[in-house]
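S.K.: Working from the sequences, and respecting the hints, build out all of it.
Protein chains in written order, with this note's numbering: chain L, 1 to 325; chain Z, 326 to 650; chain S, 651 to 916; chain G, 917 to 1182.
These are calculated hints, taken from the structure and not from any lab test.
The model shown is predicted, which means the values in this text are computed figures rather than measured ones.
Yeah, the Cβ is synthetic: ideal placement off N, Cα and C, and Gly gets one too.
None of the hints are false.
Distance windows between CB atoms, simulated:
id: 1; chain 1: Z; residue 1: Tyr550; chain 2: L; residue 2: Gly301; range: 38 to 48 Å
id: 2; chain 1: Z; residue 1: Ser549; chain 2: G; residue 2: Pro965; range: 42 to 52 Å
id: 3; chain 1: S; residue 1: Asp658; chain 2: L; residue 2: Gly323; range: 16 to 26 Å
id: 4; chain 1: L; residue 1: Thr306; chain 2: S; residue 2: Gly870; range: 42 to 52 Å
id: 5; chain 1: L; residue 1: Gln5; chain 2: Z; residue 2: Gly468; range: 56 to 66 Å
id: 6; chain 1: S; residue 1: Asp675; chain 2: Z; residue 2: Tyr550; range: 18 to 28 Å
id: 7; chain 1: Z; residue 1: Tyr550; chain 2: S; residue 2: Glu894; range: 38 to 48 Å
id: 8; chain 1: L; residue 1: Thr306; chain 2: G; residue 2: Leu981; range: 41 to 51 Å
id: 9; chain 1: Z; residue 1: Tyr550; chain 2: L; residue 2: Pro222; range: 24 to 34 Å
id: 10; chain 1: Z; residue 1: Asp474; chain 2: S; residue 2: Asp675; range: 29 to 39 Å
id: 11; chain 1: S; residue 1: Phe882; chain 2: L; residue 2: Asn268; range: 31 to 41 Å
Here are the simulated EDC-like cross-link-like pairs (lysine to aspartate or glutamate), alpha carbons at most 16 Å apart as the crow flies:
id: 12; chain 1: G; residue 1: Lys1156; chain 2: G; residue 2: Asp1131
id: 13; chain 1: Z; residue 1: Lys394; chain 2: Z; residue 2: Asp474
id: 14; chain 1: Z; residue 1: Lys476; chain 2: L; residue 2: Asp166
id: 15; chain 1: G; residue 1: Lys1089; chain 2: Z; residue 2: Asp483
id: 16; chain 1: Z; residue 1: Lys408; chain 2: Z; residue 2: Asp589
id: 17; chain 1: Z; residue 1: Lys634; chain 2: Z; residue 2: Glu544
id: 18; chain 1: S; residue 1: Lys778; chain 2: L; residue 2: Glu94
id: 19; chain 1: Z; residue 1: Lys646; chain 2: G; residue 2: Glu1177
id: 20; chain 1: G; residue 1: Lys1074; chain 2: G; residue 2: Asp1144
id: 21; chain 1: L; residue 1: Lys321; chain 2: S; residue 2: Asp716
id: 22; chain 1: L; residue 1: Lys155; chain 2: L; residue 2: Asp137
id: 23; chain 1: G; residue 1: Lys1044; chain 2: Z; residue 2: Glu419
id: 24; chain 1: S; residue 1: Lys838; chain 2: L; residue 2: Glu169
id: 25; chain 1: L; residue 1: Lys135; chain 2: S; residue 2: Asp812
id: 26; chain 1: L; residue 1: Lys141; chain 2: S; residue 2: Asp772
id: 27; chain 1: L; residue 1: Lys135; chain 2: S; residue 2: Asp772
id: 28; chain 1: Z; residue 1: Lys646; chain 2: G; residue 2: Asp982
id: 29; chain 1: S; residue 1: Lys823; chain 2: L; residue 2: Glu169
id: 30; chain 1: L; residue 1: Lys321; chain 2: S; residue 2: Glu911
id: 31; chain 1: G; residue 1: Lys1070; chain 2: G; residue 2: Asp1149
id: 32; chain 1: L; residue 1: Lys10; chain 2: L; residue 2: Asp292
id: 33; chain 1: L; residue 1: Lys167; chain 2: Z; residue 2: Asp483
id: 34; chain 1: G; residue 1: Lys1089; chain 2: Z; residue 2: Glu494
id: 35; chain 1: L; residue 1: Lys309; chain 2: L; residue 2: Glu219
id: 36; chain 1: L; residue 1: Lys151; chain 2: L; residue 2: Asp179
id: 37; chain 1: Z; residue 1: Lys646; chain 2: Z; residue 2: Asp589
id: 38; chain 1: Z; residue 1: Lys599; chain 2: Z; residue 2: Glu419
id: 39; chain 1: L; residue 1: Lys3; chain 2: L; residue 2: Asp241
id: 40; chain 1: L; residue 1: Lys155; chain 2: Z; residue 2: Asp491
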Amino acid sequence: MGKPQRLTLKEAVGLINDGDFLTFSGFTIWRRPVAFCYEMVRQGKKDLHLFEVNGGTHTEILAGAGCVKLWESCWVGHELYGKLGEAVARGQVEGTIIVEDYSHAQCVARILAGAYGLPFMPTALSMGTDILNPKFDNFKKAGLRDGSDPKIPLKKYDIIHDSLYDKGEILLMPAVNADWAIIYASQVGDEGTVRMFAHSYVDAETIKAADKVIVIAEEMVPDSYLRQEPDRNIAAGHAIDYVVVQPWAAHPTGSQYFYDVDADFIRNFYQASKSKESYDKWAQEWIFGVADHEEYVEKLGVNRLTKLKANSVLGYSTSVKRGTR
Amino acid sequence: MGKPQRLTLKEAVGLINDGDFLTFSGFTIWRRPVAFCYEMVRQGKKDLHLFEVNGGTHTEILAGAGCVKLWESCWVGHELYGKLGEAVARGQVEGTIIVEDYSHAQCVARILAGAYGLPFMPTALSMGTDILNPKFDNFKKAGLRDGSDPKIPLKKYDIIHDSLYDKGEILLMPAVNADWAIIYASQVGDEGTVRMFAHSYVDAETIKAADKVIVIAEEMVPDSYLRQEPDRNIAAGHAIDYVVVQPWAAHPTGSQYFYDVDADFIRNFYQASKSKESYDKWAQEWIFGVADHEEYVEKLGVNRLTKLKANSVLGYSTSVKRGTR
Amino acid sequence: MAKNYATDYKGVDLLAVAAAREVNDGDVVFAGTGLPMLAILLAQVNHAPNAVCIYEAGTVDGRALDLPTSVGDSRCAWQASIAAGLTETFYGQLHCGYVDLGFLGGAEIDKYGNVNTTVVGDYSAPSKRFTGSGGNPDINSYAKRTVFIMVQEKRRFKEHVDYITSPGWRIPKWPSGEYVHRREVYGKFYQGGPSAVITNMGVFRFDDEGIMYLDTVHPGFTAEQVKDNCLFDLNISRCKGETERPTVEEIDLLYKRVDPEGIFLP
Amino acid sequence: MAKNYATDYKGVDLLAVAAAREVNDGDVVFAGTGLPMLAILLAQVNHAPNAVCIYEAGTVDGRALDLPTSVGDSRCAWQASIAAGLTETFYGQLHCGYVDLGFLGGAEIDKYGNVNTTVVGDYSAPSKRFTGSGGNPDINSYAKRTVFIMVQEKRRFKEHVDYITSPGWRIPKWPSGEYVHRREVYGKFYQGGPSAVITNMGVFRFDDEGIMYLDTVHPGFTAEQVKDNCLFDLNISRCKGETERPTVEEIDLLYKRVDPEGIFLP
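M.R.: See below:
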């Protein structure tokens, strides 16, 4: 490996093929690579297979545009700003998206196994649930567990007896090793070192688990700066293949110490996501109606973004109104 | 849980019973709870069962004094300052210590499983070695794998076929959950938050994996200080049972940003460790000949310790002569 | 000192206060977004200053200056003891065995405490999809006690939920799917299970068989009313009486310290 | 430009230089304490500035100002990209599949590249114990290539080592213990294996059967002398000639940049 290659957002999205298997950084409505997802919609990516430790607004943007065929996860929604993942739900109910449900910690076990090069990770969490009901293995029902796709495990999970301490039965969760990890990062160094602010979610594991990694960073900084505190970095340059520097790339999701979640924007999107027609209208305005992310942020306007800007000490905006009082 | 209880070193060591199962912080000759080990020798602890991801000078101090009965690990020595772990080697050759060998990364898998409350962790590292030779399972030969000690696994390891991706056979390494983790920490907060400087080795996992945790800290600081950078801490107060504040507690091993390894002291100890007689003579001077750690450091003297003091920017001493030039 | 009970409070207030009372001082609590946050935060500022709160996105014992709107919120990391990620919280804390109490929500629950947050109807051809499990079943399966905070509606308290997202006291043992006691499924991994369900009408607990019963009924309701708001045959014979009302201090703390912006409270 | 070869150098210098030449620019290298450190550091300052060095105690791509004396040394963390712990280096880097090259030492080796650093004699009743495995077998089992740096002594180059601490090309498949090719044991986990052994007398490689042969002999020695310093019947028929000597620049870098304090070098 050498240093990661610098690309524009359009170039980076151009690397993704229809049918590719993707994972993303972030948590629900925080540090999602939304600019990348918008551009995937613009470029008309199809039949994507997503594994997400949890979904969020970006998932709904992709699902609403019909980009998603397979979705393995545990949750999709917009936190306080939109109860459900309407587009994924519609996809599941109408049969256009094949959904495979795991629990949140089972998803973590899967990405952790992938990160560590292990075929599985044991867990005793969420036993005795319908997640494990063999009748509800949707990938199997779709004929996807025949080994023809090396990225899809032969079984949704396995159960084995603990032979080491005789503690009983325990689950084995299959690794996830996607084709791509699409990572929105707080900072990337000029040699590719990656840092996340506040908490790191499962971003380090997601990077390690993927075959290729694209980092979309809010800013690039000298690697020597990040290396002054190496205990705070989550990935080294040799783990990163491509770097895109794109300010506001997580909007409308939040990016700690840069900007807060744009609650109004998400609420508005959530309303739009409730039908194909209203989604399309929304996408016409916010995705297809702008040429690129620079036009998108210009359309949002300075004052809107200024309001979202994080307080530099607290890491979140102190000027947005959040509640009813 | 409440906040951890403050104890003196003697009180803390007094909690350990003969035959207890212990693990330690640190790496070879770095951040070892040596003051605690000296005091265990003074208090005449016997029949200890040690699991160590790797051993070091502290192991040899305990083994030389005849405190150790079972030793599960992968390595013991003094790095550049003493090639072998003479006391453990003598114990193994003479049959007074039952040694169970794993590889380094297999030891990591074991403590990681223990930390995560899992009975085992898979690994494909170090397959095809004599570590896995069934004839060389010393605990089994000693009749220790009959389930009567719940801390000793029924098997040294297991091999299973990967049913999820059909990648072949893979090892399952049994968890370690010792009675005690004895942790030398760079800093502990007044509510028990723990921080290590430079690199964290397997200290976080070692804390989580043990039933009870004693932290011997170089210094106590306000928890609110450590909480300004929560991404740099390795344990929360609820994971810690007892705290001892004891400066120089890692000597002669090093403690990054406090003091460097005392190479001469370790070289001298290593020479002494080569026979029971010379060990006993050494222990008479450096362990039994001082009442406590305060007397020990006084005996070392100000100038010796000053020379070891870490440069506050680099984290290690720039005044000790390390090589031949 | 006699308690100074509030006379003017809303249903959601009592719900938060009753839930907060489930926290013992020193408990390690794993809480989800929403009312569970109000409950643990109220407990911390009221009677349980040493309770530790873990949010699944990665923070341990944070001391948010402003109420987080999500467990992934940067507000959660303020003055935390640890800020890491989900591997730490789910495996390094929860699976490790540190967690005393889980605070969760749910869309539907059955008499065994099985909770559904996944679909309405047959999972293979659902009529509606909810958000999905999130960490609900994980926390519920490994906390020593779990408290569910829910809205009391007849359609939400069912004989059997459509999909067992989160495991109660009688659960299927796979691959056969035979219903057995939770202990049988979890073996030596067993930590505990649902200990209470708190709604806007009452507090429910579970008997030795793992069946839900009414423990106390909130002021203004009768046990029969609660029973009428369940689709299953709720045992109200063990009802001890009225749920203790919120005190003036508790309501004050709730509105002035915990949620002054009105994020979860009206 | 013609290379300016050194005429005055020690055995250990050539050893370090020859080892450094095994590093390709951009390689991710996992190195143990001692001569392996000299080799990777020399490579980085000489021909492989983009090589990344991982030390098992927890650092990735450190840029030590002063030569570390142990992989656990704080010097390793200086200007590192990541400073964490062993879970990161062994699982997050090595088992993850990032490592191109492992640099290791050994006390004894056999013709299949099996290395012993554990005991002399029967493991069940050994006459001597060494330090034990450390990370040697881990790195050796998952790096795509492994280079062993050793002292050439007859008793160290054996037909069969007393104990297989670190796996070579033909290894026992447990539980039966039948000797098979490394690929059979590792299945789809197979990454590679020992690619070279470098001593003070020569450079050895492995043929398709996984048997060691002499690749080049160091200046001042003959292939026969090397063969005489092995207990097994060393194949010297493929010897390509002399090992390339160190250049003046390499010796300079080694003594002035890499180990100016004389920690590993005399």
